[in-house]
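Line order of the protein sequences matches chains D and X. So that you can map any letter, position 166 of the first sequence is 166 in this note's numbering, and since no number is skipped, the others follow by simple counting. So that you can map any letter, position 310 of the second sequence is 661 in this note's numbering, and since no number is skipped, the others follow by simple counting.
Some clues are possibly wrong.
[Said to hold, decoys possible] Taking lysine to aspartate or glutamate pairs in the DMTMM-like style, the calculated list, with each CA pair at most 25 Å apart, reads:
id, chain 1, residue 1, chain 2, residue 2
1, D, K55, D, E19
2, X, K608, D, D330
3, D, K190, D, D155
4, X, K608, D, E19
5, X, K608, D, D288
6, D, K257, X, D632
7, D, K58, D, D288
8, D, K257, X, D639
9, D, K257, X, E560
Simulated from the structure, these hints should not be mistaken for lab results. Here the structure is a predicted model, which is why all the values come from computation and not from measurement.
Number of protein chains: 2
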Amino acid sequence: MTRYDADTLRATLFTLFTENGASADVAETTARILVEGDLLGHHTHGVKLANGYLKDLKAGHACGDHSRLEIQENSPVAALFDGHYLLGPYLVQRALDHCRDAATTFGIGMVSLKRSHHIACLAAYLQPLVEANLVPLILTSDPAVASVAPFGGLDRVYTPNPLAVGIPGREQPLLIDVSMSTITNGTVGKTRAAGDRLGHPAILTGHGEVSDDPEDYFASPEGSILPLGELAFGHKGFALGLMVEALTSALSGYGRKDSPEGWGASVMVMVIDPARFGGTDSFLDETDHIARRCLGSRPRDPERPVRLPGQSGLSRRRDYLDNGIPLPPDVVEAMREAVADSSLSGNTAFG
Amino acid sequence: MTRYDADTLRATLFTLFTENGASADVAETTARILVEGDLLGHHTHGVKLANGYLKDLKAGHACGDHSRLEIQENSPVAALFDGHYLLGPYLVQRALDHCRDAATTFGIGMVSLKRSHHIACLAAYLQPLVEANLVPLILTSDPAVASVAPFGGLDRVYTPNPLAVGIPGREQPLLIDVSMSTITNGTVGKTRAAGDRLGHPAILTGHGEVSDDPEDYFASPEGSILPLGELAFGHKGFALGLMVEALTSALSGYGRKDSPEGWGASVMVMVIDPARFGGTDSFLDETDHIARRCLGSRPRDPERPVRLPGQSGLSRRRDYLDNGIPLPPDVVEAMREAVADSSLSGNTAFG
Numbered sequence: 001m002t003r004y005d006a007d008t009l010r011a012t013l014f015t016l017f018t019e020n021g022a023s024a025d026v027a028e029t030t031a032r033i034l035v036e037g038d039l040l041g042h043h044t045h046g047v048k049l050a051n052g053y054l055k056d057l058k059a060g061h062a063c064g065d066h067s068r069l070e071i072q073e074n075s076p077v078a079a080l081f082d083g084h085y086l087l088g089p090y091l092v093q094r095a096l097d098h099c100r101d102a103a104t105t106f107g108i109g110m111v112s113l114k115r116s117h118h119i120a121c122l123a124a125y126l127q128p129l130v131e132a133n134l135v136p137l138i139l140t141s142d143p144a145v146a147s148v149a150p151f152g153g154l155d156r157v158y159t160p161n162p163l164a165v166g167i168p169g170r171e172q173p174l175l176i177d178v179s180m181s182t183i184t185n186g187t188v189g190k191t192r193a194a195g196d197r198l199g200h201p202a203i204l205t206g207h208g209e210v211s212d213d214p215e216d217y218f219a220s221p222e223g224s225i226l227p228l229g230e231l232a233f234g235h236k237g238f239a240l241g242l243m244v245e246a247l248t249s250a251l252s253g254y255g256r257k258d259s260p261e262g263w264g265a266s267v268m269v270m271v272i273d274p275a276r277f278g279g280t281d282s283f284l285d286e287t288d289h290i291a292r293r294c295l296g297s298r299p300r301d302p303e304r305p306v307r308l309p310g311q312s313g314l315s316r317r318r319d320y321l322d323n324g325i326p327l328p329p330d331v332v333e334a335m336r337e338a339v340a341d342s343s344l345s346g347n348t349a350f351g
Numbered sequence: 352m353t354r355y356d357a358d359t360l361r362a363t364l365f366t367l368f369t370e371n372g373a374s375a376d377v378a379e380t381t382a383r384i385l386v387e388g389d390l391l392g393h394h395t396h397g398v399k400l401a402n403g404y405l406k407d408l409k410a411g412h413a414c415g416d417h418s419r420l421e422i423q424e425n426s427p428v429a430a431l432f433d434g435h436y437l438l439g440p441y442l443v444q445r446a447l448d449h450c451r452d453a454a455t456t457f458g459i460g461m462v463s464l465k466r467s468h469h470i471a472c473l474a475a476y477l478q479p480l481v482e483a484n485l486v487p488l489i490l491t492s493d494p495a496v497a498s499v500a501p502f503g504g505l506d507r508v509y510t511p512n513p514l515a516v517g518i519p520g521r522e523q524p525l526l527i528d529v530s531m532s533t534i535t536n537g538t539v540g541k542t543r544a545a546g547d548r549l550g551h552p553a554i555l556t557g558h559g560e561v562s563d564d565p566e567d568y569f570a571s572p573e574g575s576i577l578p579l580g581e582l583a584f585g586h587k588g589f590a591l592g593l594m595v596e597a598l599t600s601a602l603s604g605y606g607r608k609d610s611p612e613g614w615g616a617s618v619m620v621m622v623i624d625p626a627r628f629g630g631t632d633s634f635l636d637e638t639d640h641i642a643r644r645c646l647g648s649r650p651r652d653p654e655r656p657v658r659l660p661g662q663s664g665l666s667r668r669r670d671y672l673d674n675g676i677p678l679p680p681d682v683v684e685a686m687r688e689a690v691a692d693s694s695l696s697g698n699t700a701f702g
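Bound-form chain D, shown alone (with noise of 0.2 Å):
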């Protein structure tokens, strides 16, 4: 499979979006968060994207220009910003910023951001913070969509709703970024192109049967995607996803009562600083020597030893940094139509 360079993917999305209008801190944040992505592994969240955001801009559905941001300061540590549709890896990655400065200073920053457009892959958002020693969250539900039925219920009402936190270590950060359902909108459309089943059965037909077809979720009468904790344990996951839900848009103030429509999300990013609570060192002495209990465990099945999560992401992008990144086919597809259409065409690996 070819591989492709960091840098040169880099360069070649942010002239794809500064053609489009996208400013240009918008255009250089929106390029490294999404290569960020492939880095690590999630080519379904990564360059692929920017096709679809590219065809948001021009079409007016998705906002370029970074003047257009509204920050509401309503104290030193909380913030609400109004996205108006601006590319959301620009948006997160500023309200990133804003809680990092309050957070080493008072121990905590948050902001709750409303109206993003898309936010890509949270986790490539975390591992700056996360080597300067800080604790980023990050949660997001899109308002606009509804995937997962409410436990006992069949109808869809809300989204996978992920949450990703980085966890400072010396020997091995964490990188965490779960959904809370079984699985995402993304994996259900991706398994159906295949034609394939899912790994698990993760629908919820229609009829309420469980079922490992992608083909249950788009049936009539429709299926929903399962809360993590399926049928045995679901009112947890179907918890946990409300709780995504009201730390987003309820707390954004704009959400599934204001029936927004497009690409968006409601995003809550909060920033942690150990040294103002138990201390940075002990903070790193205890995730490492929780890391070294789990890694030491005895694996259940002596081929696939525990991993930490984040663990295999990172040690990827060890690899993908020196020897360039193996974008699917599906992905490389997207990138040439990407450029077909710009001043770049005939000028790049992709055409």
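Take the given structure of chain D and dock chain X to it, following the hints.
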């Protein structure tokens, strides 16, 4: 089943705690939170716990002297509490009060609490804050206990690590209290004592098989509790468990690396004021909107409509306040034992 009056239970516990050296405020808060657990229907985490708390007070493993609490205010919104094993309900309530003051001024307040004694039922703390339109969060782990194995592993490393959050709503507030594992240590012990099978297979045997027999947890080689998500999606429950571990023990500076013994807890408490983000009214509107959408979903089983987190508990609470609390036999027996050893012996419903 005999029903017990909530006020009388509180008064009984208050006397028992003060007779064993607890300051009046420690005794009052602990009594109130324990009874609150039973009012919400969580009888394993209600007044049943008093007997164990009293034993630890007598043995010097728990502290009842409120003056031992050390508060280190590291910023107006960030504090570290060293609980010196004061009764947990008192410490958590103090932490919530501290966070509430910070949140109403700054939008957020956060306390990291180390060396707490056991903190009882997390849901029991939420209602007063939720009724004031604030969002309380409580996360906890017990660094002296290991019962859950890392995903893919067989060795017990950490605890169920629950997370509680209260979501204000005009029609139906949400009281969320869920662990990041399939079941709790308490459920394993209680089911074993009754000679029953678990409701769902939630144990991983020491040989790596999934089981619904609680005996497999205690067998040799010993079993463990499966993370939320079980074998299919347990990497998510594992990641969430590590998040709670980090935000409690690591953040407090005191955890598993310090090899603590006895009943204890590391706790993170946070309060968020929606008024300092998108506004209280729109928060309540959004909660009401989501609650209606969930409750309006067609149920999977027509006999069992969708219920929101906390809905059953709050409905029980109204009944129990009016008509008394139907304490199960094991709780009555624990109360009998606690009373027998006190000045109240012969003067209560428990003998």
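Structure-based check of each hint:
1. K55(D) / E19(D): holds (12 Å)
2. K608(X) / D330(D): Violated, at about 46 Å.
3. K190(D) / D155(D): holds (22 Å)
4. K608(X) / E19(D): violated (53 Å)
5. K608(X) / D288(D): holds (9 Å)
6. K257(D) / D632(X): holds (12 Å)
7. K58(D) / D288(D): Given that 25 Å is the threshold and the Cα spacing comes to 47 Å, the pair is violated.
8. K257(D) / D639(X): holds (9 Å)
9. K257(D) / E560(X): violated (45 Å)
Comparing the model with each earlier hint shows violations of hints 2, 4, 7 and 9; every other hint is respected.
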